[in-house]
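Visitor: Take a look at the letters that make up each chain.
Protein chains: 2
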Amino acid sequence: MSTTDQLPQQVVAAIAAVVGTGPVALHEPSFRGNEWLYLKESLDSTFVSSVGKFVDRFEAELATYTGAKYAVAVVNGAAALHIALKLAGVTAGDEVLIPALTFVATANAVSYCGATPHFVDSSEATLGIDAAKLRDYLTFHSEQRGGYCMNRATGRVIRALVPVHTFGHPVDLDGVMAVAEEFNLVVVEDAAESLGSYYRGQHTGTFGLLGTLSFNGNKTITTGGGGAILTNHPQLARQAKHLTTTAKLPHRWEYRHDEIGYNYRMPNLNAALGCAQLEQLPDLLAAKRELFKRYQTTFELVQGVTLMAEPAQCLSNYWLQTLLLDDEQAELHDQVLVATNDAGYMTRPSWKLMHELAPFMDCPCMELTMAQSLSQRLINIPSSVNVVSAV
Amino acid sequence: MSTTDQLPQQVVAAIAAVVGTGPVALHEPSFRGNEWLYLKESLDSTFVSSVGKFVDRFEAELATYTGAKYAVAVVNGAAALHIALKLAGVTAGDEVLIPALTFVATANAVSYCGATPHFVDSSEATLGIDAAKLRDYLTFHSEQRGGYCMNRATGRVIRALVPVHTFGHPVDLDGVMAVAEEFNLVVVEDAAESLGSYYRGQHTGTFGLLGTLSFNGNKTITTGGGGAILTNHPQLARQAKHLTTTAKLPHRWEYRHDEIGYNYRMPNLNAALGCAQLEQLPDLLAAKRELFKRYQTTFELVQGVTLMAEPAQCLSNYWLQTLLLDDEQAELHDQVLVATNDAGYMTRPSWKLMHELAPFMDCPCMELTMAQSLSQRLINIPSSVNVVSAV
Numbered sequence: 000m001s002t003t004d005q006l007p008q009q010v011v012a013a014i015a016a017v018v019g020t021g022p023v024a025l026h027e028p029s030f031r032g033n034e035w036l037y038l039k040e041s042l043d044s045t046f047v048s049s050v051g052k053f054v055d056r057f058e059a060e061l062a063t064y065t066g067a068k069y070a071v072a073v074v075n076g077a078a079a080l081h082i083a084l085k086l087a088g089v090t091a092g093d094e095v096l097i098p099a100l101t102f103v104a105t106a107n108a109v110s111y112c113g114a115t116p117h118f119v120d121s122s123e124a125t126l127g128i129d130a131a132k133l134r135d136y137l138t139f140h141s142e143q144r145g146g147y148c149m150n151r152a153t154g155r156v157i158r159a160l161v162p163v164h165t166f167g168h169p170v171d172l173d174g175v176m177a178v179a180e181e182f183n184l185v186v187v188e189d190a191a192e193s194l195g196s197y198y199r200g201q202h203t204g205t206f207g208l209l210g211t212l213s214f215n216g217n218k219t220i221t222t223g224g225g226g227a228i229l230t231n232h233p234q235l236a237r238q239a240k241h242l243t244t245t246a247k248l249p250h251r252w253e254y255r256h257d258e259i260g261y262n263y264r265m266p267n268l269n270a271a272l273g274c275a276q277l278e279q280l281p282d283l284l285a286a287k288r289e290l291f292k293r294y295q296t297t298f299e300l301v302q303g304v305t306l307m308a309e310p311a312q313c314l315s316n317y318w319l320q321t322l323l324l325d326d327e328q329a330e331l332h333d334q335v336l337v338a339t340n341d342a343g344y345m346t347r348p349s350w351k352l353m354h355e356l357a358p359f360m361d362c363p364c365m366e367l368t369m370a371q372s373l374s375q376r377l378i379n380i381p382s383s384v385n386v387v388s389a390v
Numbered sequence: 000m001s002t003t004d005q006l007p008q009q010v011v012a013a014i015a016a017v018v019g020t021g022p023v024a025l026h027e028p029s030f031r032g033n034e035w036l037y038l039k040e041s042l043d044s045t046f047v048s049s050v051g052k053f054v055d056r057f058e059a060e061l062a063t064y065t066g067a068k069y070a071v072a073v074v075n076g077a078a079a080l081h082i083a084l085k086l087a088g089v090t091a092g093d094e095v096l097i098p099a100l101t102f103v104a105t106a107n108a109v110s111y112c113g114a115t116p117h118f119v120d121s122s123e124a125t126l127g128i129d130a131a132k133l134r135d136y137l138t139f140h141s142e143q144r145g146g147y148c149m150n151r152a153t154g155r156v157i158r159a160l161v162p163v164h165t166f167g168h169p170v171d172l173d174g175v176m177a178v179a180e181e182f183n184l185v186v187v188e189d190a191a192e193s194l195g196s197y198y199r200g201q202h203t204g205t206f207g208l209l210g211t212l213s214f215n216g217n218k219t220i221t222t223g224g225g226g227a228i229l230t231n232h233p234q235l236a237r238q239a240k241h242l243t244t245t246a247k248l249p250h251r252w253e254y255r256h257d258e259i260g261y262n263y264r265m266p267n268l269n270a271a272l273g274c275a276q277l278e279q280l281p282d283l284l285a286a287k288r289e290l291f292k293r294y295q296t297t298f299e300l301v302q303g304v305t306l307m308a309e310p311a312q313c314l315s316n317y318w319l320q321t322l323l324l325d326d327e328q329a330e331l332h333d334q335v336l337v338a339t340n341d342a343g344y345m346t347r348p349s350w351k352l353m354h355e356l357a358p359f360m361d362c363p364c365m366e367l368t369m370a371q372s373l374s375q376r377l378i379n380i381p382s383s384v385n386v387v388s389a390v
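Sequence lines, in order, name chains A and B. With numbering that gives the first Met the number 0, the residue at position 166 of the first sequence is 165, and numbering never jumps. With numbering that gives the first Met the number 0, the residue at position 100 of the second sequence is 99, and numbering never jumps.
Don't take each hint at face value.
Remember, identical chains collapse to one label, so a pair may be satisfied in a single copy or spanning two.
[Claimed, not checked] With a straight-line cut-off of 25 angstroms between C-alpha atoms, the simulated SDA-like cross-links for lysine to any residue are:
#1 K39 x R56
#2 K68 x E355
#3 K247 x C362
#4 K52 x E27
#5 K351 x E330
#6 K292 x Q9
#7 K68 x A308
#8 K240 x V11
#9 K292 x E330
#10 K39 x M369
#11 K240 x E27
#12 K52 x A24
#13 K39 x R255
#14 K68 x Q334
#15 K68 x A91
#16 K39 x E27
#17 K68 x R134
#18 K247 x Q5
#19 K52 x W35
#20 K52 x F30
These aren't lab readings, by the way, just hints derived from the structure by calculation.
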């Protein structure tokens, strides 16, 4: 048996050495603070729905934590991105640049606006948009017309650029923001996975015109289901609140709505959970970093695989711990998935690349060498803080 | 002072005699059962999000309660209607008949499909679609072509008909279903307000191809935010679950999505609340009926105003108690609103009619005499079960 053939079992052993005997989930929430207290408070107040102090408090505390001037709590990350894109000016017939390597919600949100996703390659260092490659691509394939970036091939306006901070690792924001400025693209950051992740000391999701967060059950903190829109612009924040609350105009009793709005507000019950979770966030982040260090120790001894570390000058939340097989080991990708899952350790590959999914197969895309390579080599391994005994 | 001038204060007195001294809200939830227990169980299980036993249980119990073969729990009533309309075949460019007298979510959901709402008049007896008037209108303004109902004026397909059971009072379903059959319209029932309401012994929301419910905080039972899709068709139920859970194909680890889906699933945390609330529903309905009877006693003595009673052969949930001023008293409508709200009793008029809202002003509509009359005479009065001491 060659060394290579042993890789799947070596990965199993390296995981087992950190998380103990299985079964171990990919990512479980941790409720060790005031979750129960606040839920009870919400229930006892009878304010469980769209109005209530926990929504206001959660929004204020999210703003404080991220450094965004405003945060608007909504029902999930996809809803947050849908509204953020609308507020960024994305309309029917536009194109929006997004990474091919992302969760489907990014592409869906573009579609909800009647726009077309346009897929961009990723960098191995960040797993996010490769800014240099995007600049080369746009230089060749787009032209500026009347202040807009036009896709030469389709004739459509490329309105916006959506960097995704994959698994919590910040994108090269200096590079991405420079490309956006150069080509007149509005930046909406999909920070669904990166609460607690910083780029040069600034929280992800606060670089673009708008940013979005997710608090789904598998995220670093959860509200059951939930999301938020971040922005520094008071007018955009007001519009975000308006659009996500059925666009109802304030009045003592009148029900008048001035545009087509959405029922995207976060219920107070879910915000109560969020407030308690946010209090726990520093401890959760410390535990996730500790988990990374423990994996680092065991995976140092496994040849042919790299544990993904935070990019330079970044602090990552280490939402999902990520292995990258060497190119030469890519053929063992599925065997590693089978061996680990068979051993009771839930692992998973990257999402199917967006341009490979039926609804997006005909969308424009650049050449996606690295995204394709990453999708053949990438494996997420158990990432719950619960497996770190210190927490 | 004439009798007429005294109406606002007479209404205040009639409300006060039933609900006591204010302030009294329009509709508050009541949590007197296992709400606390189930929420804690959901939290302790750590399954607060998209997977968990309370979602399955809530769906099964909703199906049992309503008599629908299938119920799919979603994030709110607007999301339920959006997906139900899609599954009914509503696509971009279609028209959908909906009452002008409804909450804006009905019209918004049509817009989310890229379709155009087409507004229909209401009947005074039910506050819902006037079937006879609709038949006359369609006879003149539509034609059948290739099995489709075409709007003669716009040339668009009128695909579906959405009866709304306003404030819980069932529509004339015999009449509405007959018109739908005659004109080849798919029926999707908006039963957002009518959980616990029956037409000839059959639960509302189970007559159409699909029906939708809402569990918003102001509804008869609440999940914080939530809704459900009802149907008797297994294939539609499967598609509803698929579309509301990002259209992900089942796989041990792969993330493949075969169409543009939505993150519309109800979190387990909210379903836990729903399970407890559903247990309370019979008591809540009894209390709402008792409240109606008490109002009946006090409003019998007030001339010029009628308390809305359930239509013949119907059981209404009496979600929102409703006053209708006589035509001659319509001019006192705003004075009654002011007097009651000033006295601490939250009352409100009907929603602004849909064709009067900016986003829908250019949509097709029939002549809306009764809807306009109702909107000038209708007032909802405090309807919480909490004001009935017996509960």
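Visitor: If the cut is 25 angstroms between Cα atoms, do K68 and Q334 qualify within a copy, between copies, both or neither?
Guide: Classified as neither; 47 angstroms inside a copy, 42 angstroms across copies.
Visitor: Tell me, please, which holds for K247 and Q5 at an alpha-carbon limit of 25 angstroms: within, between, both or neither?
Guide: neither (61 angstroms within a copy, 32 angstroms between copies)
Visitor: Evaluate K68 and R134 at a C-alpha cut-off of 25 angstroms and name the case that applies: within, between, both or neither.
Guide: Neither: 30 angstroms inside a copy, 54 angstroms across copies.
Visitor: How do K39 and R255 come out at 25 angstroms by Cα distance, when the copy is not named: within, between, both, or neither?
Guide: Intra 34 angstroms, inter 38 angstroms, cutoff 25 angstroms: neither.
Visitor: Are the CA atoms of K292 and E330 at most 25 angstroms apart within a copy, between copies, both, or neither?
Guide: Answer is neither: 27 angstroms inside a copy and 73 angstroms across each miss the 25 angstroms cutoff.
Visitor: Have a look at K39 and E27 and pick one of within, between, both or neither, based on CA distance no larger than 25 angstroms.
Guide: Both: 22 angstroms inside a chain and 17 angstroms across chains, each within 25 angstroms.
Visitor: Could you figure out if K292 and Q9 sit no more than 25 angstroms apart (CA to CA) within one copy, between two copies, both or neither?
Guide: within (18 angstroms within a copy, 73 angstroms between copies)
Visitor: One pair to classify: K240 and E27, alpha carbons no more than 25 angstroms apart. Within, between, both, or neither?
Guide: between (30 angstroms within a copy, 23 angstroms between copies)
Visitor: Pop the pair K52 and W35 into one bin, within, between, both or neither, using alpha-carbon distances up to 25 angstroms.
Guide: Intra 16 angstroms, inter 19 angstroms, cutoff 25 angstroms: intra and inter.
Visitor: Indicate which option fits the pair K52, A24 if close means a Cα-Cα distance not exceeding 25 angstroms: within, between, both or neither.
Guide: between (33 angstroms within a copy, 17 angstroms between copies)
Visitor: Under a CA distance limit of 25 angstroms, which applies to K52 and E27: within one copy, between copies, both, or neither?
Guide: between (27 angstroms within a copy, 16 angstroms between copies)
Visitor: When no copy is named, should K351 and E330 be tagged within, between, both, or neither for a Cα gap of at most 25 angstroms?
Guide: Classified as within; 17 angstroms inside a copy, 62 angstroms across copies.
When the structure is compared with the earlier hints, violations turn up for hints 2, 7, 8, 9, 10, 13, 14, 15, 17 and 18 and for no others.
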